[in-house]
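Okay, here's what each chain looks like letter by letter:
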Amino acid sequence: MTTIAKLLLALFILELFQPCQTLRGGNNLAPSYTRDALLALRAAGSFPPPNLPEDIRSTAPRRCLRRRGRRGGVRQRLRRRGNRPPLPSMILSNVRSLRRKMEELRIIATACFEYRLILLFYFVFYAFLAGMFCLTMWVMLQTLDENIPTYQDRVPSPGLVIRPHAADISFNRSDPTNYNQYTQHLHNFLQNYNDSVQERNDLCLVGEYTDQDAEPVKKVCQFKRSLLRQCSGLSDSSFGYAEGKPCIIIKMNRVIGLKPQGDPFINCTAKRNSLLQIRYFPSEGRLDKMFFPYYGKNTHADYVQPLVAVQLLLSKEDLNVEQTVECRVEGSNLRNNDERDKALGRVTFRVLVSE
Amino acid sequence: MGYGRSDSYRVATTQDKDKKESPKKKGGKDLDDLKKEVPITEHKMSVEEVCRKYATDIVQGLTNAKAAEYLIRDGPNALTPPPTTPEWVKFCRQLFGGFSILLWIGALLCFLAYAIQAATEDEPAGDNLYLGIVLSAVVIITGCFSYFQEAKSSKIMESFKNMVPQQALVIREGEKMQINAEQVVAGDLVEVKGGDRIPADLRIVSSHGCKVDNSSLTGESEPQTRSPDGTHDNPLETRNIAFFSTNCVEGTARGIAVCTGDRTVMGRIATLTSGLETGKTPIAKEIEHFIQIITGVAVFLGVSFFILSIVLGYSWLEAVIFLIGIIVANVPEGLLATVTVCLTLTAKRMARKNCLVKNLEAVETLGSTSTICSDKTGTLTQNRMTVAHMWFDNTIHEADTTEDQSGSSFDKSSATWVSLARIAALCNRAVFKAAQDTLPILKRDVAGDASESALLKCIELSCGSVKAMREKNKKVAEIPFNSTNKYQLSIHETEEGNENSYLLVMKGAPERILDRSSHIMVQGKEQPMDEEMKEAFQNAYQELGGLGERVLGFCHVFLPEDKYPKGFAFDTDEVNFETDNLCFVGLMSMIDPPRAAVPDAVGKCRSAGIKVIMVTGDHPITAKAIAKGVGIISEGNETVEDIAARLNIPVSQVNPRDAKACVIHGTDLKDLSQDQMDDILRNHTEIVFARTSPQQKLIIVEGCQRLGAIVAVTGDGVNDSPALKKADIGVAMGISGSDVSKQAADMILLDDNFASIVTGVEEGRLIFDNLKKSIAYTLTSNIPEITPFLFFILVNIPLPLGTITILCIDLGTDMVPAISLAYEAAESDIMKRQPRNPLRDKLVNERLISIAYGQIGMIQALGGFFAYFVVLAENGFRPYDLVGIRLNWDDRSNNDLEDSYGQQWTYEQRKIVEFTCHTAFFVSIVVVQWADVIICKTRRNSVFQQGMRNKILIFGLFEETALAALLSYCPGMDVALRMYPLKPSWWFCAFPYSFLIFVYDEIRKLILRRNPGGWVERETYY
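Heads up: the sequence lines are chains A and B, in that order.
Taking the UniProt record's numbering, the leading residue of the first sequence gets 1, the next gets one more, and so forth.
Taking the UniProt record's numbering, the leading residue of the second sequence gets 1, the next gets one more, and so forth.
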């Protein structure tokens, strides 16, 4: 982005300080002389040759081939004429040429000046506008709170998402390369929940909100990866994928200041397969209240949100059949049945395990 | 006054509707042929030759069989109606003409983009489809609107007609029979009498005091005598041809039909008219130019962003969709409707001021008119002879010629005047038609010759009932006017108690009357006529004649009781009474006087830089007199002839450049080359063309157009119709105009008043200025509409303004304010400036684009973006976190997008914020458009000078705000249009920008006014 901006600026400056003549030609700028003036000039000397037709307007203008500048000009030509006296026509024609040149220059200069004035005007105008925009933006940013957004009414209720991040999880359980992407994703995701990391965080009261509005630095409640047991990837680094009993981790979106009422827990149901066994970690898929409320990135930097892992205990018959599972957050005031927003308090995913 | 004329030509136009619409392609050669003069030769033949030519008989007429044969050969005696355009063609023309093309292309591109998306994506966004549908709907709706508008005015046109089948009296096989005029064939022996319409071009074979009114053909207001003798080589001037569709005023005549139907003189004119191609109206040209500019800008932006998006790494398909999107976003959807409504409003306003506009686009044409070619009779003049001057007691008295008798009066106490009035009343065959006592005298219908009715009205006005006077002085004998005597004479009984029992009164050509007089009456006393008196008479006669007036001399004598006792049998054939040694009483001169409002209107046209040219079929002297009277030749300006007369040198020695005015005779015009014609039109400011034929009128109009003028032609007669059609705007007269002229015209003056043209010019100029303002206003909001899309592509931010909101602005909130600008009052006296130069003063120029796009539009865009950033920031997405977020933001499967505060958003949640942004951006555009409409009110003046008197505009401001609030807050809008309620504070985001727009433009206009012609004016005055 910045390179483009720099390029444009450079182009602009180049344009502004380029020599003028190249900007606009002086084709239609040739000053015209009346016939009378030309006749007067002719009468003053031998310009142009006396056998010229009466009507000067009809003679085609001949391109002047003589050199101008140091090699040409009056003095040179006078010298070439030797001792003959200078004719008035010669001087007059030089005067004419000079006047013409001056006129040309003047017109080019005016046109060029106008053009640059417009460029300059727009430059200044846009600079001013940019300045004004920055000013208003700055004022607006000053009114924002560091820690909490001004309005939160658009996130009244959190959404649910799953890890691994995919709507369709399909793999061949006997081929590790096939499901490696999922397990790798889960390993990465759980890095923050490593017991070694979580050891540094505090233990909080189970089943109580961790209210700490007054504290300048908020403490973070511990959520150890080991809590997920079989789905922690610690004992079984394939998260059950190798057995065909895949773990899926469900995560609830962070919302600043959210305190879910009641006892939220995750409940998953398989569509069209009521026999499917599902195991939850932590038990019953509970999301403990101690992880709420969240205080925002600034003051709650190391915060980890509680997770729930679900393991689909697929039986032999379930293999090679696509399972559609819907998980909802239940037992609280959190919305899980919004018609429009299918991700609000619920998540649907499909699992296909082949042999 | 021309009652006979209004229904002339009705046969011709039985079913045609709108000639303008008929794209009749005629070979150029054919048309040029028609432009040549009339080829009738029969007037030079003898009656026998004519009879032989048509195998007819002077007494018996044609045989029925022959007539039937001719009828089959030549077809019915009616003019071929010009081919009418089918209604669907008219409709299509409205649908695909001019501006609509731009929108159609836009719609097609939209569908194309949607098709590409549908083919490549699983769930294509419906935006492009909706936009395409809306664009097509807009074009179709506005197309229907203007179609119905046009249909409405053509309906008014039809109301002018009421069909009465024409009858003609022909003699076939020696029997007189009344047949339908359409059945008349060449060779038919036709009889016409006073009041009839001539059914075909007739070679007169016999006549009894027959006079015809040729005014619809030649523009001459005086009835012309018709007799069997050829008097002129030119068929239009000769006495022995009576023309189809003119009226016989009095007398009877018998003639052989020589031409029928389309071959008649009138038919040729009609064919010429319908064969003429008319150019585009100036406003259509302007709109074309505008489309070019807009397309240029759109394509430039589109292509540069196409290249840019390729460079930025978007796929080809995405880049193509962006390209289409940018081009479409540049189409001002609402502008077509705005322009149509503005023109309609003006057309309505003009109709209220008695200018009926047939073609919407012609509304503006009058405003850019630089030359008006006006017909004389009926347009500039009242089309009725009126006594203008009188000479008695050796002085010229001026009579009142105004239509409402508001002018000055002369001294009526002189005894000479009493005698003169008595002669004029008695030696007069004109009578008022019955049952008109309630009407004002000037409005009454008169049976009789134009000059006699002028005298009748004059006497009735100044001396009371003529009828009573005639009853007191019963007529005992009469010699009617004939061309050999050149006088009219009658003998009346005198009133009781007079010593003589008979009074002889005589009127006629002044020199003839003078020859017969031996005495002259001065102050009621008879004096012998001496040389001095004769010279005084000559001077008066010349002076009145020089005024273009028709002069009549009056004399009387009381017949001595001894020679002519009561009961004397006067024999008018033998003339057994003396007609010499009369007593000369005075002269009266008549003219068709100019309408009262015309001189003022001509003056206004002149100050508005419009050249007024008079083109008439009338005589040069009369034309010149009227031209001087109405100011077409202004006071102090002389023609070449005037200069020659003043300096007493031959005309050839006068330098034509010295004379600003000139009067050109039709016969001279015929010999002029194109260059000479151009020379005359260029070098004379005040021109009168006299004795012009319809073809020459056309040549004059073409000459003016060749010099780059935008020409308006006014006229009422058939003879004007080719010129009316050829002109950039033809103006016909509603009351006296013939149907043909009305059909050829673009505009109709319902009150026949030339002064209404001035209103038309004013309205036309105003609408041009106001359309500029409207367009400037509408175009400005294009920039805040398109920049969001550009930034969406360039810096990958969530889309700040959606398609639906763009449509809400263009077709919703912007409409009423844009239309309200059509009601804006003029900033300065628009009638004091020169007409616009169609080459230089464009409706939309680069300065307008520069202001709208480059300056005000940019400020508006910033205002919108500011609101956008405020909404996002206050919801948790700070500006610097937005750049590059687009891919994740628009990813449907990403339901935990993190904001600047660490909160995570589902797709639907953040989309609601995005749509709230759209709403906020939309509301901001409305807020900045407040300021825009206020600054667009004026182009030069400050708003504080102009005031806020435009109520519609104030209504528009409230309406757009209310609409914006409704769209944002009305429940259900979130589902219907995806617009969400805004926090009250977000309404104020754009306020500083709105204020900036106002201040910036006020400063610009201040500098512009302070420094006329300066840089600011050169670069920003649109």
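To be clear, the hints were calculated from the coordinates, so they are not data collected in a lab.
Note that this is a predicted model, so its numbers are computed, not measured.
Accuracy of the hints is not assured; some may be wrong.
[To be verified] If you anchor each label on the Cβ, the simulated ranges turn out as follows:
no.	chain 1	residue 1	chain 2	residue 2	range
1	A	Ala301	B	Arg892	27 to 35 Å
2	B	Glu123	A	Leu205	41 to 49 Å
3	B	Gly279	A	Tyr126	37 to 45 Å
4	A	Arg340	B	Val303	36 to 44 Å
5	A	Arg340	B	Arg940	51 to 59 Å
6	B	Cys970	A	Arg340	16 to 24 Å
[To be verified] Derived DSS-like pairs: lysine-lysine, alpha-carbon spacing no greater than 25 Å straight-line:
no.	chain 1	residue 1	chain 2	residue 2
7	A	Lys297	B	Lys911
8	B	Lys486	B	Lys193
9	B	Lys53	B	Lys90
10	A	Lys342	B	Lys911
11	B	Lys44	B	Lys193
12	B	Lys152	B	Lys353
Where a beta carbon is used, it is the ideal one built from N, C-alpha and C, also for glycine.
Hint check results:
1. Ala301(A) x Arg892(B): 27 to 35 Å: Holds, at about 30 Å.
2. Glu123(B) x Leu205(A): 41 to 49 Å: 46 Å, holds
3. Gly279(B) x Tyr126(A): 37 to 45 Å: This hint holds: roughly 43 Å between Cβ atoms.
4. Arg340(A) x Val303(B): 36 to 44 Å: For Val303(B) against Arg340(A), whose Cβ atoms are near 39 Å apart, the range 36 to 44 Å holds.
5. Arg340(A) x Arg940(B): 51 to 59 Å: For Arg340(A) and Arg940(B) the Cβ distance comes to about 53 Å; the hint holds.
6. Cys970(B) x Arg340(A): 16 to 24 Å: 18 Å, holds
7. Lys297(A) x Lys911(B): 22 Å, holds
8. Lys486(B) x Lys193(B): 23 Å, holds
9. Lys53(B) x Lys90(B): Outside the cut-off at roughly 46 Å; violated.
10. Lys342(A) x Lys911(B): 13 Å, holds
11. Lys44(B) x Lys193(B): With a Cα-Cα distance of about 24 Å, the restraint between Lys44(B) and Lys193(B) holds, given a limit of 25 Å.
12. Lys152(B) x Lys353(B): 18 Å, holds
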